[in-house]
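Work out the full structure: start from the sequences and follow the hints.
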Amino acid sequence: LQEGRFGPLVAVGDDEALARAMLDTLENPLPRETLREAAAPYTLERSVEGYLRILGL
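Residues in the sequence shown are numbered from 1 upward in steps of one, following the numbering used here.
In short, the hints are calculated from the structure, not lab data. Don't be surprised by glycine CBs; every beta carbon is placed ideally from N, CA and C. Any given hint could turn out to be false.
What the hints assert, rightly or not - Here are the computed distance ranges between Cβ atoms for each label pair: (1) S47 / Q2: 13 to 23 Å; (2) N28 / G56: 37 to 47 Å; (3) L26 / E49: 28 to 38 Å; (4) P8 / S47: 23 to 33 Å; (5) E45 / D14: 16 to 26 Å; (6) A11 / L57: 19 to 29 Å.
Rendered as structure tokens:
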């Protein structure tokens, strides 16, 4: 999440903070361009290449 750039960060085990962060994200979504930027590295092609590399294929 790049230090909260692409979404709120909460402490591990803090269920209430997680719930608040989720509600805040639903009520105040990030701009589409920000979400596109966050998702850009996760293309199908890159995923397949990664799996093939890990499997030695």
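Item to check | In rising order, the numbers of the hints this structure does not comply with | outcome: The structure conflicts with hints 5 and 6, although it agrees with all the remaining ones.
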